[in-house]
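Undergrad: Listed below, chain by chain, are the residues.
Protein chains: 2
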Amino acid sequence: MEKIRGEQSIAFEQPVYIRSWASMVGQKEGEGPLKDTFDQIVDDPFFGQDTWEESENEFQKETAQLAMKKANMSSQDMRYVFAGDLLPQLIGTSFGIKSLEIPWFGLYGACSTMGEALSLGAMAIDGGYAEHVLTVTSSHLGGTEKTFRYPLEYANQRPPASSWTVTGSGAAVLSRTEGEIKITGVTTGKLVDLGVTDTMNMGAAMAPAACATIYKNFRDFGIQPDHYDKIITGDLGKVGSEILLRLLKENHYDITGLHMDCGCEIYDADEQNTNAGGSGCGCCASVLCGMILNKIKNREWNRILFVPTGTLLNTISFNEGKAMPSIAHGVVIERV
Amino acid sequence: MEKIRGEQSIAFEQPVYIRSWASMVGQKEGEGPLKDTFDQIVDDPFFGQDTWEESENEFQKETAQLAMKKANMSSQDMRYVFAGDLLPQLIGTSFGIKSLEIPWFGLYGACSTMGEALSLGAMAIDGGYAEHVLTVTSSHLGGTEKTFRYPLEYANQRPPASSWTVTGSGAAVLSRTEGEIKITGVTTGKLVDLGVTDTMNMGAAMAPAACATIYKNFRDFGIQPDHYDKIITGDLGKVGSEILLRLLKENHYDITGLHMDCGCEIYDADEQNTNAGGSGCGCCASVLCGMILNKIKNREWNRILFVPTGTLLNTISFNEGKAMPSIAHGVVIERV
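Chains A and B supply the protein sequences, listed in that same order. When the letters of the first sequence are read in order and numbered with the numbering used here, they come out as residues 1 to 336. When the letters of the second sequence are read in order and numbered with the numbering used here, they come out as residues 1 to 336.
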């Protein structure tokens, strides 16, 4: 059982390459600091469809197809698709990818789903169950706000700790045979619930989960933070990122100079009025499958820990007074 | 790549044992034909809690703990838990299992989720990522009807093709080292959408997905239906089961004498007024982790194909006029 590392981690024996990747985002993301890193910016929030949900379906399908096209492959080459989104019963995914006709494992880890998809996809490759698999997640401002908070038409007030759901999708093709980037390890998260109940401050709920997974990653692999060129969370935003750094310091790890949060990068919070930053399954996925993997390809970074977080709430649990159990999944990504 | 079989199947090289299992159901299920096969019948629909959702949390947690106890193990022995439920954002699971503190992969395949959990759990064992993993799913009549159709308090009319959501949970511990039953293969489903829009007839939407996965299982492994002692669907109910048999006959496979549906077995439909039969993640899970695995243990059946189905709808997709994309995941289970 040499693949097992410590309590929550595994190291892969076979190479698991990230062979190709693609990202597509909406207009607001396309006006932000990362605008040049996305493959496509879709100015129409409906993506030519009739509803927010159909728009998200288009984002997920088109991004998946673009990722496969970049690998000169089609859906027939994909043994599995590991995919999910934020909407109830995964309708952002099911209606999006059904026409691809790839055997599907439906995943839900809230905004951490891209980490879960990469983890299970890499396990499928390394385990010998697949030559190539597709991983994809998405989110959409309109559908997400309607599902979790208020319909956009209500124009509700947004407190400073709140985040802005990214409209977009990221997709990656994992492969056994060829690539310049590989996944070498995984640290799978546990649910962490410290009693945070403010759904307008998801960063505070998710930061302890990020801390727990990053801490375990260091301990399981017997490494120090500077093992990585960057430690990248998904959408903690400004508030959650500060809490994460403090919590890790209290546990004797300082990642201040190494940490980056996709939610803090994707918007200019002051200029674009996005408060704490971006969030949603599409946030870390579109930043990973754009800026991050491009920087690794170009050897600006040679080894990173990608650790997106999610909080497992919904309006029922919120209305029944529950807190927000959260989770973070860590994925070690390296230049070949 | 000898594990790969055909287009959608894999055969495991290492033994993946189902080491222990447990099932808990509500009062109505405890009055049905399978009453003697469940480990525990909970007459209080609230399970001592305040809400339907908290009740489902209790079902999932208690059933998981009972399954681990039967293996003389605790949650510290479980490397992963593969788990999900029907509620939006998996709150039946997240609030249920968080106290177990096991690294979690959140899954959503609607009523097929137990098949998805067994598939990925078996891949984790065979792939060398775990010694033991926990798999668990649940559903609850109150929470599910509120989520997908009408609150129970509305006492809406139920057409003959409608199903009755099972209140209950099933859990199984998969293990590399010891057991009398093993998982030897998996056939992973694709989304199938033939345009069925009647949410009061989910069997009709799911039958084509069951047919597709069963057909692929036969072809991928080069076998005939009588390779199995039973071919067991999850909750097609009476209407869906008839459609499945007819569709397979049209594809030159007759499984009439071999087929069983958990939704048809769990209630006496005429006596208990459950129309087409039982449904929900807890239906096939509680029947698997009671009657089915007990029969295999006792060698009444030596090899079965367990193929639960799910339909990936929600009220948004329904209200927007969409059909019900469905999926079925096949798991080959054998007596050692």
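By construction, these hints were calculated from the structure, which means they are not laboratory data. Check before you lean on any hint, since a few could be wrong.
Treat identical chains as interchangeable: a pair holds within one or across any two.
Claimed, not checked - Listed next, the in silico DMTMM-like pairs over lysine to aspartate or glutamate satisfying Cα-Cα at most 25 Å (straight line):
#, residue 1, residue 2
1, 70, 7
2, 249, 62
3, 3, 131
4, 230, 50
5, 249, 101
6, 230, 250
7, 146, 320
8, 295, 198
9, 69, 7
10, 295, 193
11, 3, 178
12, 3, 13
13, 3, 101
14, 146, 131
15, 297, 178
16, 297, 131
Quick caveat, the model's predicted, so the values are computed rather than measured.
Undergrad: Now tell me, hint by hint, if it's right for this structure.
TA: Each hint tested on the structure:
1. Taking the shortest Cα distances, residue 70 and residue 7 sit within 25 Å of each other only across copies (23 Å), while inside one copy they are farther apart (37 Å).
2. In this homomeric assembly, residue 249 and residue 62 never come within 25 Å of each other (Cα to Cα): the closest approach is 41 Å inside a single copy and 37 Å across copies.
3. Taking the shortest alpha-carbon separations for residue 3 and residue 131, both the intra-copy value of 19 Å and the inter-copy value of 11 Å come in at or below 25 Å.
4. Taking the shortest Cα distances, residue 230 and residue 50 never come within 25 Å of each other, neither inside one copy (40 Å) nor across copies (45 Å).
5. In this homomeric assembly, residue 249 and residue 101 come within 25 Å of each other (Cα to Cα) only across copies, at 23 Å, whereas the closest approach inside a single copy is 47 Å.
6. Within a single copy, residue 230 and residue 250 get their C-alpha atoms as close as 20 Å, which meets the 25 Å cut-off; across copies the closest is 56 Å, which misses it.
7. In this assembly of identical chains, the alpha carbons of residue 146 and residue 320 lie at most 25 Å apart whether taken from the same copy (18 Å) or from different copies (14 Å).
8. Taking the shortest alpha-carbon separations for residue 295 and residue 198, neither the intra-copy value of 35 Å nor the inter-copy value of 49 Å comes in at or below 25 Å.
9. Taking identical chains as interchangeable, the C-alpha atoms of residue 69 and residue 7 lie at most 25 Å apart only when they sit on different chains, with a minimum of 21 Å there against 38 Å within one chain.
10. For the homomeric pair residue 295 and residue 193, neither the shortest alpha-carbon distance inside one copy (34 Å) nor that between copies (40 Å) is at most 25 Å.
11. In the homo-oligomer, the alpha carbons of residue 3 and residue 178 lie at most 25 Å apart both inside one protomer (21 Å) and across protomers (20 Å), since each shortest distance falls under that limit.
12. Within a single copy, residue 3 and residue 13 get their C-alpha atoms as close as 7 Å, and across copies as close as 17 Å, so both meet the 25 Å cut-off.
13. Only between protomers do residue 3 and residue 101 lie at most 25 Å apart by alpha-carbon distance; the minimum there is 21 Å, versus 32 Å within a single protomer.
14. Taking the closest pair of Cα atoms, residue 146 and residue 131 never come within 25 Å of each other, the shortest separation being 39 Å inside a single copy and 42 Å across copies.
15. When the C-alpha separation of residue 297 and residue 178 is checked against a cutoff of 25 Å, the pair qualifies only within one copy, where the shortest distance is 14 Å, while the shortest distance between copies is 44 Å.
16. Taking the closest pair of Cα atoms, residue 297 and residue 131 come within 25 Å of each other only inside a single copy of the chain (22 Å); across copies the shortest separation is 35 Å, beyond that limit.
The structure fails to meet hints 2, 4, 8, 10 and 14 from the earlier list, while all remaining hints are met.
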